[in-house]
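The primary structure of each chain is shown beneath.
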Amino acid sequence: MLLEARDIEKSYVGSRVLKSVSVALKPGSITALIGPNGAGKTTLFDIISGFVQADSGMVRYSGEEITRKPAFLRARRGIVKTFQIPHEFGGLSVLDNLLVASSDQIGERFPVGLWSRRAAREQERVNTETAYGILEFLGLLASREVKAETLSAGEKKLLELARALMLAPRLLMLDEPLAGVPVSVGEQILEHLVDIGAQGKTLLIVEHNLEAVMRVADWVYVLVDGELLASGRPSDVQCNERVQAAYLGKA
Amino acid sequence: MTYVYTVIAFGLIYTMLALGLNLQMGFTGIINFGYVAFVAIGAYTSALLTVDLHWPLLAGWAAGAALAALASYPLGLLTIRLGGDYFAVVTLGFSELALLVVLNERQLTHGAIGITGIHRPFAALGPHLSAPLALLTIAALTAFTAYLIWQIGHSPLGRLLRAIQANESAAQALGKNTVGYKVLVLVVGSAIAGLAGALYAHWVQYISPDQFSPDVTFNTFIALILGGVGSLLGPVIGAFVLIFFLQGSIVLQDYVHIFSANQQSALRFMIIGLALVLLIVFRPEGIMGRMKSRRSRRSADVS
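First to last, the sequence lines map onto chains A and B. Here the numbering used here = 1-based position in the first sequence + 413. Here the numbering used here = 1-based position in the second sequence + 50.
No wet-lab data here; the hints were simulated from the structure. Be aware that one or more of the hints could be misleading.
Unchecked claim - Under the rule of at most 25 Å between Cα atoms (straight-line distance), these lysine to any residue pairs were calculated in the SDA-like manner:
#1 A/482 x B/230
#2 A/482 x B/326
#3 A/482 x B/219
#4 A/439 x A/646
#5 A/439 x A/647
#6 A/432 x A/657
#7 A/482 x B/131
#8 A/482 x B/133
#9 A/482 x B/127
#10 A/482 x B/215
#11 A/482 x B/218
Starting from the given sequences, assemble the full structure and let the hints guide the process.
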């Protein structure tokens, strides 16, 4: 398993948001986390990415316990998340949004970066090439000089994804990648996700749009009221009566 | 002539202050209402070391900058995680605390009496030569600071700082140690404030606690807002506009007798306040502004 979260518990002022939840992600798989609003999906997602600390339980990643590791260190180890509401760096150009993301930049060190400028420039050139590749893959290359704040909602979602890819993540975590985008862009994003999965990356997707998720995921966890209701292949989960009663029926 | 020198020296010192504050507020979005505390630490450190302990001048300046930086480090570690507004309030408290320490630790700081007999650079050459040479020294150090800030602004580090300002959690999600960078910016900005404080002490040759009231912080904010927060040239323009106005209106006092001295000094701040309000309404990006952002705003309007 690339990532395992075991017996995760989390409460917010008296209400138990997660009740002993365990999930595991196989390397190279696309796993979906689904459930109605308020089921605790985002909390579990944030506990895995490090933005929220679990009350108890543990998270293991690639053989190492990371339960207490801060989010930025997890990102450096290859666990990279995107946000449901795009968190673009508005005043920066699209290309700069990607370049910021590059890891371990000489030019970001102080004060060393101020005098080892040749090395920094060379690294910047390599990073720019990588960024161009990713922008082309996601169809954003033409808007590379535009300020990120002027992009459309769908383009911002793509930018989120592009920025995450700059880190060459092993585990890419996407929080509702289809929320708030037009259907046509959603289709594009789904295709990209399948491509990214095919490159051997592990994906964890929190998503509301069930029909879409069922098409791309190889494994599904269903979370209802902070408890794991079911897990399995999409087709099995879809047939599960409890899932249908708790979630699909209502949806 | 001495008066002109002093106006220019104050303009340069405020430029340096505005440069350091710009690194914190303009680049990174840290609101530091206790900025004057680091100016005071720099001024007092250098004054005490050179007057009481007879340290050489350059060593005093370096120590002033270093101690201001050192003082900001634990403050940053403890409080930078607080949200922006809370941090601003804590820093304001810190500067009041620093002022109280200076007032009451008489053994060390000479208390309310202040420190006299601080040497100007090149004092040995006599008053006619030392003033312009000291001014040149201040100008050179201000230029060096401006160059340093410009370099940071055009480096991947500056880009990262702007990203942290735009969205800190996104930067964390990309593996950036945002808390570490904010503390770094606080420390570098404080070192600049400390150096400016030391230069000030050695220019005016006498310091006392009342010179380090929160007014200094707010004047620096005014200079920065006038010139343009986040712009690279703004702090220079803003500082000189502010100083020319402040000093110019003092000179005017000798010729215009409609108002009493008290009324005039109140009027000065009313005019500055009015100018700030008008500026924020009609030109929020400041005198220099960010050329790029204006252009892109225009292109966004067109599309």
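Starting from residue 482 of chain A, check that the Cα of residue 131 of chain B is at most 25 Å away, please. Answer holds: residue 482 of chain A to residue 131 of chain B is near 17 Å, not above 25 Å.
Does residue 127 of chain B lie within 25 Å of residue 482 of chain A when you go C-alpha to C-alpha? 18 Å, holds
25 Å Cα cutoff - pair residue 439 of chain A, residue 646 of chain A: 13 Å, holds
Can you confirm whether the C-alpha distance between residue 482 of chain A and residue 230 of chain B stays at or below 25 Å? 15 Å, holds
Compare the distance between the alpha carbons of residue 482 of chain A and residue 133 of chain B with 25 Å, and conclude whether the hinted pair is satisfied. 21 Å, holds
Pairwise hint evaluation, residue 647 of chain A against residue 439 of chain A, where the allowed Cα distance is 25 Å at most: Satisfied, since the Cα-Cα distance of roughly 15 Å is no more than 25 Å.
Straight-line Cα separation of residue 432 of chain A and residue 657 of chain A no greater than 25 Å? 21 Å, holds
CA of residue 482 of chain A to CA of residue 219 of chain B, is that 25 Å or under? It holds: about 15 Å lies between the C-alpha atoms, which stays within 25 Å.
Could you grab the alpha-carbon distance between residue 482 of chain A and residue 326 of chain B and see if it respects the 25 Å cut-off? 45 Å, violated
Compare the distance between the alpha carbons of residue 482 of chain A and residue 218 of chain B with 25 Å, and conclude whether the hinted pair is satisfied. 18 Å, holds
Proposed proximity, residue 215 of chain B with residue 482 of chain A (alpha carbon, max 25 Å): Roughly 23 Å between the alpha carbons, so the hint for residue 482 of chain A and residue 215 of chain B holds.
When held up to the earlier numbered hints, the structure conflicts with hint 2 and nothing else.
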